[in-house]
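Chemist: These are the residues of each chain, in order.
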Amino acid sequence: MRSVAIIGVGSTPFGKLEGRSLVDIAVAACREALADAGIHREKIQALYIGNFIGERLVGQGALAGVVANRLGMSGIPATKTEGACASGGIALRLGVLGIALGLYDLVLVAGAEKMTSASTAEVTAGLATAGDEEAEMRSGLTFPGAFAIITREHMARHGTTREQVGLVSVKNHGLGAANPKAQFRKPVRLDDVLTSRLIADPLRLFDCPPISDGAAAAVLCPADWARDLHRQPVRVLGTGHATGPATLWEMDDITTFPASVRAAQEAYAMAGITPSDIDAAEVHDCFTTAEIVATEDLGFFARGKGGHAVAEGWSAPDGKVAVNPSGGLIAKGHPVGATGCAQVYELVRQLRGEAANQVRNCEFALAHNLGGTGVVSTVTILGRL
Amino acid sequence: MTLSGRGRLVSWTVIRVAPARYASDAPYAVGLLELAEGPRITARLEGDPDRLTAGQPMGLVSIDPARGPVFR
Chain E
6 MRSVAIIGVG
16 STPFGKLEGR
26 SLVDIAVAAC
36 REALADAGIH
46 REKIQALYIG
56 NFIGERLVGQ
66 GALAGVVANR
76 LGMSGIPATK
86 TEGACASGGI
96 ALRLGVLGIA
106 LGLYDLVLVA
116 GAEKMTSAST
126 AEVTAGLATA
136 GDEEAEMRSG
146 LTFPGAFAII
156 TREHMARHGT
166 TREQVGLVSV
176 KNHGLGAANP
186 KAQFRKPVRL
196 DDVLTSRLIA
206 DPLRLFDCPP
216 ISDGAAAAVL
226 CPADWARDLH
236 RQPVRVLGTG
246 HATGPATLWE
256 MDDITTFPAS
266 VRAAQEAYAM
276 AGITPSDIDA
286 AEVHDCFTTA
296 EIVATEDLGF
306 FARGKGGHAV
316 AEGWSAPDGK
326 VAVNPSGGLI
336 AKGHPVGATG
346 CAQVYELVRQ
356 LRGEAANQVR
366 NCEFALAHNL
376 GGTGVVSTVT
386 ILGRL
Chain U
196 MTLSGRGRLV
206 SWTVIRVAPA
216 RYASDAPYAV
226 GLLELAEGPR
236 ITARLEGDPD
246 RLTAGQPMGL
256 VSIDPARGPV
266 FR
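Chains as they are written, first to last, in this note's numbering: chain E, 6 to 390; chain U, 196 to 267.
Keep in mind the hints are simulated off the structure, nothing from the lab. It is possible that some hints are incorrect.
[Stated by the list, open to error] Distance windows between CB atoms, simulated:
(1) U/R246 x E/N74: 54 to 64 Å
(2) U/P222 x E/R61: 16 to 26 Å
(3) U/G200 x E/K191: 42 to 52 Å
For every residue, glycine included, the Cβ atom is placed at its ideal position computed from N, Cα and C.
Build out the structure end to end from the sequences listed, making use of the hints.
Modeler: Following this line, the structure appears as structure tokens:
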């Protein structure tokens, strides 16, 4: 298998992108990535694009073919990938494999979601399709609700406090404030988080990401080509992809996601590094508690200690590992299908030394993308070439 | 396996922002229960959500055609 490099990244701002359709924003992110790579669209041999609920929210299916046409790439193999909130990470994984296995030399990967044109009730219902409808979600459980159930258990089992959970939001909003692509650009105080509107007890508005529009993209090539194509290529050191239980009731311990653990193990093994080597990580903070769980599942902090770690500043940009320097899903936004690619956008810029909240001496970076309550996860490890 | 319908509450939430189909039910509680026979289940809960405590015994009251099993 060949080594793979990333030579270009692009991202729209995340937020309410008035007047811009799902296809518009996907195309915009792709064009930015192509420009960053200095690659003409005619050279791209395959497109993988992650999108979760385009049909449902905006009536747009067949996204891969439609976007390929709109980009002027008609004719190439184009594939839409779906794995709930891990749709973008899965697109990236398939793009990496396509080059690693020698099928293609230049691949465009992307993720996009258009959510703000639907009502909150429609978005809530759409997001719930990431769960198991017959076996769990028909009870009326929502995604904030599922993570609220997990939060209560994490607090009971591990002693995590409501304040520690809230500090994830404070950290991420503070980081988002400096990120020009982020949806939320204002810091929040712990008190703001703890008094914000209840969404699903005990989770409140600021424990949740916003409803967002956005797209992100990356151009991939064989590592051997990369230095000739870009002055600061990034290498894909490892990739992992795993599934896990689709319901809370099938999990032995609802405070850990086996899919994240397994995908991370695969990626670390492929990269030949350990969690303590990671300098910056974009992890799946679909809710504040999810970041705490992710840092434990990825091996950054001991099981049950993720809340303590946030309170101690261990996951701050100057901490043991910078977690979500972009502001994460909570502050940057979570246009669901785009997130996996947006994490890579941030980390490539970190490795190049160009990020908004730049982590010093960033050598190894990790992107963690999680679908549903752990039904699927991808982990990607990046380093400088 | 025959299920008795009895179990204990492991964890729960109160849904305040509901999906469209259950908008008129909100706020409502959903819980993760461990049944007496061993398996777990996620189910709608009836009764005052402010009085729920971890570990409390609960029993099946009905099976709603849309919402599934309902416990109290």
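Chemist: For which of the previously enumerated hints does the structure constitute a violation, in increasing order of number?
Modeler: none
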